[in-house]
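Chemist: One letter stands for each residue in the lines below.
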Amino acid sequence: MTIRVVLPAHLRTLAQVKGEVKLEVEGHPTLRSVLDALEASYPMLAGTIRDQTTQQRRPYVRFFACQQDLSHEPPDTPLPDEVTTAAEPFLVIGAIAGG
Amino acid sequence: MSNVRVLVGTRKGAFILTSDGKREKWDISGPHFAGWEIYHVKGSSADPNRIYASQCSGWFGQLIQRSDDGGKTWAPVGNKFVYDGVPGTHQWYDGTPHPWEFKRVWHLEPSLTDPDTVYAGIEDAAIFRSKDGGQNWEEIPGLRGHGSGPRWQPGAGGMCLHTILQDPSNPNRLFIAISAAGAFRTDDGGDTWKAINQGLKSEYIPDPNAEVGHCVHRIAMHRSRPNVLYMQKHWDVMRSDNSGDTWHEVSGNLPTDFGFPIDVHAHEPETIYVVPIKSDSEHYPPEGKLRVYRSRTGGNEWEALTNGLPQSDCYVNVLRDAMAVDSLDSCGIYFGTTGGQVYASANSGDTWAPIVRDLPAVLSVEVQTLS
Numbered sequence: 000m001t002i003r004v005v006l007p008a009h010l011r012t013l014a015q016v017k018g019e020v021k022l023e024v025e026g027h028p029t030l031r032s033v034l035d036a037l038e039a040s041y042p043m044l045a046g047t048i049r050d051q052t053t054q055q056r057r058p059y060v061r062f063f064a065c066q067q068d069l070s071h072e073p074p075d076t077p078l079p080d081e082v083t084t085a086a087e088p089f090l091v092i093g094a095i096a097g098g
Numbered sequence: 000m001s002n003v004r005v006l007v008g009t010r011k012g013a014f015i016l017t018s019d020g021k022r023e024k025w026d027i028s029g030p031h032f033a034g035w036e037i038y039h040v041k042g043s044s045a046d047p048n049r050i051y052a053s054q055c056s057g058w059f060g061q062l063i064q065r066s067d068d069g070g071k072t073w074a075p076v077g078n079k080f081v082y083d084g085v086p087g088t089h090q091w092y093d094g095t096p097h098p099w100e101f102k103r104v105w106h107l108e109p110s111l112t113d114p115d116t117v118y119a120g121i122e123d124a125a126i127f128r129s130k131d132g133g134q135n136w137e138e139i140p141g142l143r144g145h146g147s148g149p150r151w152q153p154g155a156g157g158m159c160l161h162t163i164l165q166d167p168s169n170p171n172r173l174f175i176a177i178s179a180a181g182a183f184r185t186d187d188g189g190d191t192w193k194a195i196n197q198g199l200k201s202e203y204i205p206d207p208n209a210e211v212g213h214c215v216h217r218i219a220m221h222r223s224r225p226n227v228l229y230m231q232k233h234w235d236v237m238r239s240d241n242s243g244d245t246w247h248e249v250s251g252n253l254p255t256d257f258g259f260p261i262d263v264h265a266h267e268p269e270t271i272y273v274v275p276i277k278s279d280s281e282h283y284p285p286e287g288k289l290r291v292y293r294s295r296t297g298g299n300e301w302e303a304l305t306n307g308l309p310q311s312d313c314y315v316n317v318l319r320d321a322m323a324v325d326s327l328d329s330c331g332i333y334f335g336t337t338g339g340q341v342y343a344s345a346n347s348g349d350t351w352a353p354i355v356r357d358l359p360a361v362l363s364v365e366v367q368t369l370s
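Sequence lines, in order, name chains A and B. Number 98 marks the last residue of the first sequence (numbering that gives the first Met the number 0); no jumps. Number 370 marks the last residue of the second sequence (numbering that gives the first Met the number 0); no jumps.
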């Protein structure tokens, strides 16, 4: 199924994309499977959202969908149905911090 | 006629400054990687069109960028830096053991002979090498295997491996420096390393003459005399005439011997440059006067170079990788400041002028002399 992903501006620049990214994901999408698909399509994003070795989310990155903060959910948590039907995007957010 | 390309890393992107051999008029391109911290940008001496850049951010981590056309276009290459084996621990600021954790790449040093081989100095301190143009990185584990690693401690800026020098006459010899562990040398291509800190004296550590623990800020050499090393330590400017086996102080008449960069004239191995900074708690020039100091005697006797530099109300810093020299007949000297100025001298430091005044804080300056 097709998943819509919204990336923060710096990662859109890095991946050389404009607007939303559309990904094909097998089965019911989870945080892990969407990020796996994202990194497979855009290898330059590996390590920018989650650590390449531990797969832990980087501390200043957050995940949202359907107005829910999914950042602290386990990686195999199924994403909301609205994301699986592409009615809503999966959002990768850079924390508002720093200068 | 030769051209000069100055590669500038800043807190918010990279900039490339180019000029002809007169070094009077400059073109400025950038920001490249806008908004990202660019700790270091350096070109290969084996292929000047090959340039590597260290790009990082507190949000999105570390990237390595590579250009194969002199900085016109860039592509991200490998950014997976995994310590060899079980990383172990070093000392934390309070002296307790702290696990080794990758944070960023401070310094990229392309091989003198192979554009696809490049070394990376990282925080927490280790040296990595890529042999495929930056796609894949492997630690050279002998350095952290030296045995003193558990006694290394971060400096105020983190526990960074910030200097990598290659001996042009001996491909198996490298020198590196770490804040705050000290300087190390390998004579076998990285398999084994020797701490080369004898003669350093650091009053701010429990044993001032310890084998490791010294906050070395930078070391420099001249290609023609790789056995002679110059060092700007946290405090003290030092010199070694035996490849780092022993050091002696050459601070001489400097107004303060605290500072970060040190560099050597391209054609005069005994002519060296430092930028004295008031103290480790006041990271700006003494008396608000930005002065480069030059020694033509390999240290001890220093003269202030002020012509064209601000001599009042100047409170910028010059960081350790933010000075470089070109190799034109009349040697050019360049440095960048935390105030965003990049100053250049086309006459060995006698007179200075800003190439650009209002960049983000400058982290690094490197120069390529192009024929």
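These are computed hints drawn from the structure, not numbers from a lab. Glycine residues also receive a C-beta, built at the ideal position from the N, C-alpha and C atoms. It is possible that some hints are incorrect.
Covered by chain B, per the in silico footprint, the following chain A stretches (three or more residues, Cβ under 8 Å) [unchecked claim]:
(1) 43–55
(2) 62–69
(3) 83–96
Below are the BS3-like pairs computed for lysine-lysine, each with C-alpha atoms no more than 25 Å apart in a straight line [unchecked claim]:
(4) B:Lys79 with B:Lys21
(5) B:Lys102 with A:Lys17
(6) B:Lys11 with B:Lys130
(7) B:Lys71 with A:Lys17
(8) B:Lys71 with B:Lys130
(9) B:Lys11 with B:Lys71
Here are the in silico distance ranges between beta carbons for each label pair [what the hints assert, rightly or not]:
(10) B:Asn2 with A:Glu25: 39 to 45 Å
(11) B:Asp93 with A:Lys17: 43 to 49 Å
(12) B:Val85 with A:Cys65: 39 to 45 Å
(13) A:Pro58 with B:Pro140: 26 to 32 Å
(14) A:Ile95 with B:Thr88: 32 to 38 Å
(15) B:Ser311 with A:His71: 39 to 45 Å
(16) A:Gln55 with B:Thr88: 44 to 50 Å
(17) A:Ala39 with B:Thr350: 51 to 57 Å
Chemist: Look at each hint and say if it fits the structure.
Modeler: Hints versus structure:
Counting residues of the region 43–55 of chain A whose beta carbon lies closer than 8 Å to any beta carbon of chain B gives 8, which meets the minimum of three for the stated coverage. Counting residues of the region 62–69 of chain A whose beta carbon lies closer than 8 Å to any beta carbon of chain B gives 0, which falls short of the minimum of three for the stated coverage. Note: the region 83–96 of chain A has 3 residues with beta-carbon separation from chain B under 8 Å; the three-residue rule is met and the coverage holds. A C-alpha spacing of about 41 Å is found between Lys79 (chain B) and Lys21 (chain B), which places the hinted pair above 25 Å, so the restraint is violated.
With a C-alpha separation of about 29 Å, the suggested pair Lys102 (chain B) and Lys17 (chain A) falls outside the 25 Å cut-off, and the hint is violated. Note on Lys11 (chain B) and Lys130 (chain B): the hinted pairing is violated, with a Cα-Cα distance of about 29 Å set against a maximum of 25 Å. At roughly 22 Å between alpha-carbon atoms, Lys71 (chain B) and Lys17 (chain A) fall within 25 Å of each other, so this suggested pair holds. For the hint pairing Lys71 (chain B) with Lys130 (chain B), the CA-to-CA distance comes to about 23 Å; that is within 25 Å, so the pair holds.
For the given pair, Lys11 (chain B) sits about 18 Å from Lys71 (chain B) by alpha-carbon distance, which is consistent with the 25 Å threshold. Against the hinted window of 39 to 45 Å, the Cβ-Cβ separation of Asn2 (chain B) and Glu25 (chain A) comes to about 53 Å, which falls outside the hint. Checked against the hint of 43 to 49 Å, the C-beta distance between Asp93 (chain B) and Lys17 (chain A) comes to roughly 48 Å, which is consistent with it. For Val85 (chain B) and Cys65 (chain A), the Cβ-Cβ distance of about 41 Å falls inside the hinted range of 39 to 45 Å, so the restraint holds.
One distance hint, 26 to 32 Å for the beta-carbon pair Pro58 (chain A) and Pro140 (chain B), holds here, with the actual separation near 28 Å. Checking the proposed 32 to 38 Å range against Ile95 (chain A) and Thr88 (chain B) shows it holds: the Cβ atoms sit about 34 Å from each other. Look at Ser311 (chain B) against His71 (chain A): about 53 Å separates their beta carbons, and that is not inside 39 to 45 Å. In this structure the hint that Gln55 (chain A) and Thr88 (chain B) lie 44 to 50 Å apart at CB is violated, the actual value being about 20 Å.
For Ala39 (chain A) paired with Thr350 (chain B), a C-beta distance near 55 Å keeps the hint of 51 to 57 Å intact.
Going through the hint list in order, the structure does not satisfy hints 2, 4, 5, 6, 10, 15 and 16.
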